[in-house]
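Enquirer: The listed protein sequences correspond, in order, to chains A and B. If you read the first sequence in my numbering, its first letter stands for residue 1, the second for the next number, and so on. If you read the second sequence in my numbering, its first letter stands for residue 1, the second for the next number, and so on.
Keep in mind the hints are simulated off the structure, nothing from the lab. Bear in mind the structure is a predicted one, so any value in this text is a computation, not a measurement. Hints should not be assumed to be uniformly reliable.
Said to hold, decoys possible - Sample of chain B residues facing chain A (criterion: CB under 7 Å; computed from the structure):
| hint | residue |
| --- | --- |
| 1 | C12 |
| 2 | G43 |
| 3 | P44 |
| 4 | Q99 |
| 5 | F102 |
By construction, the Cβ of each residue, glycine as well, lies at the ideal position given by its N, Cα and C atoms.
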Amino acid sequence: DSGVTQTPKHLITATGQRVTLRCSPRSGDLSVYWYQQSLDQGLQFLIQYYNGEERAKGNILERFSAQQFPDLHSELNLSSLELGDSALYFCASSVEGLEGGPQDTQYFGPGTRLTVL
Amino acid sequence: DAKTTQPPSMDCAEGRAANLPCNHSTISGNEYVYWYRQIHSQGPQYIIHGLKNNETNEMASLIITEDRKSSTLILPHATLRDTAVYYCIVRRPSGSARQLTFGSGTQLTVLP
């Protein structure tokens, strides 16, 4: 158990719909990362938040957005869903201390499996 | 971040050491080598990381060559539960942006 929690575990929805995935980081971790894992693209970084502010963006579609709240939990919002958005979505967290130090390690949650029909 | 090359698959007998190689010939002097694994469709699990020196923890050992162009992850006594995809990741220190770039990894199968 990494200490990172994600809800829901599974989500089945239809094309065109909007969903929200939730992530609670490990206690004390200020950074939250979102990754997407699809069969054809592998694990890809989407976006990072640090203490409520966006820090870095990866291959995140404009239909996707995220935020990190004052209690440090994060939500990933996916809208106008397409079949190709079906994937595993992982959240990771870290304290983000000294580069390469023990607090810089990212710990991943169990993921949310999104199926778009 | 430097590109990494890993064999797509490897087998290992249960109880034997599993040695997983990774080539990162374009690595820069300040880039770290991280290893993660993913069992089935679970979240990736951190294993170990290093910069220049060899590292060991309760899960594995990381051997980095002197020129830093390759590394080997060693699982000293592989068990069936070590069957997973193992990812070698080279990460450039970039201040605030510290995302991980995953490649295809190595599918390790531990055989009974």
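Enquirer: Confirm or reject each hint.
Expert: Now the hints, each set against the structure:
1. Because the beta carbon of C12(B) sits about 23 Å from the nearest beta carbon in chain A, more than 7 Å, this interface hint is broken.
2. For the restraint placing G43(B) at the interface with chain A, the shortest Cβ-Cβ distance is roughly 4 Å, inside the 7 Å limit, so the hint holds.
3. Annotation: P44(B) was flagged as interfacial toward chain A, and the flag holds, the nearest CB pair being 5 Å apart, inside 7 Å.
4. The criterion of a C-beta within 7 Å of any C-beta in chain A is met by Q99(B), whose closest approach is roughly 4 Å, and the hint holds.
5. Proximity of F102(B) to chain A holds as hinted, the smallest CB-CB distance being about 4 Å (cut-off 7 Å).
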